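A.B. asks: Please take these sequences and the hints and turn them into a complete structure.
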Amino acid sequence: MKVILARHTQTNYNYKKAYYGISDISINETGKKQAIRLGKLLKKIEKIDYMYLSTLKRTQETALIALNQCQHRPKTKSIKEFNERNFGIWEGKTANEVELLDNINWEIFLKKPFDAIPKKGESFYLYKRRVLLAWDKIIKSHEDRDTILFLLHLGVLRVIIKERIELDKNFWSIQIPQGKFLIYNIKRRD
Numbered sequence: 050m051k052v053i054l055a056r057h058t059q060t061n062y063n064y065k066k067a068y069y070g071i072s073d074i075s076i077n078e079t080g081k082k083q084a085i086r087l088g089k090l091l092k093k094i095e096k097i098d099y100m101y102l103s104t105l106k107r108t109q110e111t112a113l114i115a116l117n118q119c120q121h122r123p124k125t126k127s128i129k130e131f132n133e134r135n136f137g138i139w140e141g142k143t144a145n146e147v148e149l150l151d152n153i154n155w156e157i158f159l160k161k162p163f164d165a166i167p168k169k170g171e172s173f174y175l176y177k178r179r180v181l182l183a184w185d186k187i188i189k190s191h192e193d194r195d196t197i198l199f200l201l202h203l204g205v206l207r208v209i210i211k212e213r214i215e216l217d218k219n220f221w222s223i224q225i226p227q228g229k230f231l232i233y234n235i236k237r238r239d
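The opening residue of the sequence shown carries number 50 in this note's numbering; numbering runs sequentially from there.
These aren't lab readings, by the way, just hints derived from the structure by calculation.
Here the structure is a predicted model, which is why all the values come from computation and not from measurement.
Don't take each hint at face value.
Straight-line C-alpha distance at most 25 Å; calculated BS3-like pairs for lysine-lysine [said to hold, decoys possible]:
{"#": "1", "residue 1": "229", "residue 2": "93"}
{"#": "2", "residue 1": "126", "residue 2": "106"}
{"#": "3", "residue 1": "142", "residue 2": "106"}
{"#": "4", "residue 1": "160", "residue 2": "82"}
{"#": "5", "residue 1": "82", "residue 2": "93"}
{"#": "6", "residue 1": "51", "residue 2": "186"}
{"#": "7", "residue 1": "211", "residue 2": "186"}
{"#": "8", "residue 1": "161", "residue 2": "66"}
{"#": "9", "residue 1": "161", "residue 2": "186"}
{"#": "10", "residue 1": "66", "residue 2": "82"}
{"#": "11", "residue 1": "129", "residue 2": "106"}
{"#": "12", "residue 1": "92", "residue 2": "81"}
{"#": "13", "residue 1": "189", "residue 2": "126"}
{"#": "14", "residue 1": "211", "residue 2": "229"}
{"#": "15", "residue 1": "169", "residue 2": "126"}
C.D. replies: Listed below in structure tokens is the structure:
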């Protein structure tokens, strides 16, 4: 099956380089322009049968604008397991602010980023588990002839790519700019 992995477009928190996993904020004006460009790029794809999003506004708004630019009308479903990681008290804060607010966990994050758990936040391992369970269930439910668009968050996309598609990739080296996508041909795993 053809899998299109797209990242939502810019928000004000992206712009200020803040952590914002579950903060439900809208895309900004730059994000709206990026979503229009994303739609024009998606228009070049022959077909999109299905689309999966997180439940957060930034993926929903990006999808709405992008789909208005192209002829595709995929069957669409929002999946809460594809929401970004809960960064707890780090939500909405820049790295400098987090360092002052939660220094112990910040130091752990700098040395072992997958082991740090922000106060009132989600462990990386539980986050990864929920994302992969949802991904595996969806992939198993589709046929090899399907084209599926996943419009998600960078962290979620990194987990999927690293754990299910390009196993030898370094997690942090996986980059998908806002409003852009990667295309993979994958086989259904039974």
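A.B. asks: Now look at each hint and say whether the structure bears it out.
C.D. replies: Results for each hint:
1. Proposed proximity of residue 229 and residue 93 is supported: the alpha carbons are some 13 Å apart, at most 25 Å.
2. Simply put, residue 126 and residue 106 have alpha-carbon atoms about 14 Å apart, close enough for the 25 Å limit, and the pair holds.
3. Under the criterion of a C-alpha separation no larger than 25 Å, the hint pairing residue 142 with residue 106 is consistent with the structure, at around 19 Å.
4. The suggested pairing of residue 160 with residue 82 is violated, with an alpha-carbon distance near 37 Å, which exceeds 25 Å.
5. In summary, the hint linking residue 82 to residue 93 is supported, as the alpha carbons are separated by about 18 Å, within the 25 Å threshold.
6. Distance check on the hinted pair: residue 51 and residue 186 sit about 16 Å apart at the alpha-carbon level, within 25 Å; holds.
7. Between residue 211 and residue 186, the direct Cα distance comes to roughly 17 Å. Compliance with the 25 Å bound is thereby established for this hinted pair.
8. As the CA atoms of residue 161 and residue 66 are separated by approximately 20 Å, the hinted pair is consistent with the 25 Å bound.
9. Only pairs whose Cα atoms come within 25 Å are accepted, and residue 161 paired with residue 186 is rejected, the gap being roughly 30 Å.
10. The hinted pair formed by residue 66 and residue 82 meets the criterion: a straight-line CA distance of about 19 Å does not exceed 25 Å.
11. Using a Cα cut-off of 25 Å, the hinted pair residue 129 and residue 106 holds, with the two alpha carbons roughly 12 Å apart.
12. Note on residue 92 and residue 81: the hinted pairing holds, with a Cα-Cα distance of about 17 Å set against a maximum of 25 Å.
13. Proximity of residue 189 to residue 126 is assessed by CA-CA distance (about 16 Å); at most 25 Å being required, the pair is judged to hold.
14. A C-alpha spacing of about 18 Å is found between residue 211 and residue 229, which places the hinted pair at or below 25 Å, so the restraint holds.
15. With a C-alpha separation of about 28 Å, the suggested pair residue 169 and residue 126 falls outside the 25 Å cut-off, and the hint is violated.
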